[in-house]
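Protein chains: 2
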Amino acid sequence: MSGHDERAGFVDALGDILASWHLPRATGRIYGALLLRDAPATFDELRAELGLSAGAVSTGVRGLVSWGLARTIPQPGSRRLLIEAAGGFEQLLAASHERTRAFIAVLRSGARLVDGDAAAARLDDVSGLFEAYVDAGERMLEARRGAETAAGRPEIPLVE
Amino acid sequence: MSGHDERAGFVDALGDILASWHLPRATGRIYGALLLRDAPATFDELRAELGLSAGAVSTGVRGLVSWGLARTIPQPGSRRLLIEAAGGFEQLLAASHERTRAFIAVLRSGARLVDGDAAAARLDDVSGLFEAYVDAGERMLEARRGAETAAGRPEIPLVE
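Chains A and B are the protein sequences, given in the same order.
So in numbering that gives the first Met the number 0, the last spot in the first sequence is 159, and the numbers never skip.
So in numbering that gives the first Met the number 0, the last spot in the second sequence is 159, and the numbers never skip.
No lab work stands behind these hints, which were simulated from the structure alone.
One should not assume that every hint holds.
[Said to hold, decoys possible] For each label pair, taking beta carbons as the anchor points, the in silico distance ranges come out as:
1. A:A110 x B:G115: 52 to 62 Å
2. A:A110 x B:P73: 44 to 54 Å
3. A:P23 x B:R138: 32 to 42 Å
4. B:S108 x A:G115: 27 to 37 Å
5. B:L81 x A:D11: 19 to 29 Å
6. A:R24 x B:A117: 48 to 58 Å
7. B:R24 x A:R24: 35 to 45 Å
8. A:S108 x B:A104: 35 to 45 Å
9. B:R78 x A:A131: 36 to 46 Å
10. A:G127 x B:A131: 21 to 31 Å
11. A:Q74 x B:R24: 41 to 51 Å
Ideal placement from N, C-alpha and C gives every residue a C-beta, glycine not left out.
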């Protein structure tokens, strides 16, 4: 594959993956393109590289900024903004934890609906598994945040 | 809400949640109904409770068995099988880890496509976050498996 094809492949793969995280595919592709860039991009550059409409780029960038995955940079003397990828997946992971916590709440709510003790024990077991899972993920995120604070700087750029 | 409505609500919620885990909604609803039952179900009972076709129940049960979320039990003197929920979410979580590992591989593959050092450092940081995340989840699953072995019995019923 040529470098251009590989780049397009990377961008499309990010679109697919972020779609499975409940983000629109175009938003994921924009993130993929931004991740490969050393310098911030203009909206026009993204539009041209990804074959998207101006509206799609605008919507996608707004989504990325709201998820902490990108930030906009004002340009002095211009109304146009530059866009830069941030590595803020912590926020998406936290949202995924929230969904899992909601799932656990549904499972726990089933405790008063079960037919008997065997079903109650099984439900408790499944709920416990997911609680252990989210707890492990949250401890990891906290440890990471602690390491960043100890180092005196965020390892991952945060949205301003 | 009546008990019946609550039960239907639980079943539909499981359908929604397992759909976000890439399982068909009917499959998730069958799992929800099985989770609440103390005794194994017949295919006919599931069909009647969930308003599904025989084919949909059959497909859903097959999916659940293949994911370790249910097991079938032969009935002596009959060709019919009973179905029982298992708590085997370990397999689904492992599949989720596999998807995340594939995502990390895509991110790592971007290292040779980046424009420069800043993009390389950011990509490495994002990849590291996901690696830490999957590692934490896998350690949790392993610790749980260890606890089960130590107790001399599986806490969560496994597929036979």
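Range agreement (Cβ of A131 (chain B) with Cβ of G127 (chain A), hint 21 to 31 Å)
holds, 23 Å
CB of S108 (chain A) to CB of A104 (chain B), is that within 35 to 45 Å?
holds, 38 Å
Given the hint of 52 to 62 Å, is the C-beta distance from A110 (chain A) to G115 (chain B) inside that range or not?
holds, 55 Å
Beta-carbon spacing of P23 (chain A) to R138 (chain B) - inside the hinted bounds 32 to 42 Å or not
holds, 33 Å
Supplied distance hint 41 to 51 Å, evaluated on CB atoms of Q74 (chain A) and R24 (chain B)
holds, 47 Å
Does the beta carbon distance between L81 (chain B) and D11 (chain A) stay inside 19 to 29 Å, or does it fall outside?
Taking Cβ atoms as reference, L81 (chain B) and D11 (chain A) lie about 45 Å apart, which means the hint is violated.
If I claimed the Cβ atoms of R24 (chain A) and A117 (chain B) lie 48 to 58 Å apart, would that claim hold in this structure?
Once the Cβ atoms are compared, 26 Å apart, the range 48 to 58 Å for A117 (chain B) and R24 (chain A) is violated.
Supplied distance hint 36 to 46 Å, evaluated on CB atoms of R78 (chain B) and A131 (chain A)
holds, 40 Å
For the hint 35 to 45 Å, verify it against the beta carbon of R24 (chain B) and that of R24 (chain A).
The hinted range 35 to 45 Å is violated for R24 (chain B) and R24 (chain A), with Cβ atoms some 21 Å apart.
Has the hinted range 44 to 54 Å been met by the Cβ atoms of A110 (chain A) and P73 (chain B)?
Roughly 30 Å apart at Cβ, these two residues miss the hinted range, so it is violated.
Could you see if the CB distance from S108 (chain B) to G115 (chain A) stays within 27 to 37 Å?
About 51 Å separates the Cβ atoms of S108 (chain B) and G115 (chain A), which means 27 to 37 Å is violated.
In this structure, the hints that do not hold are numbers 2, 4, 5, 6 and 7, in rising order.
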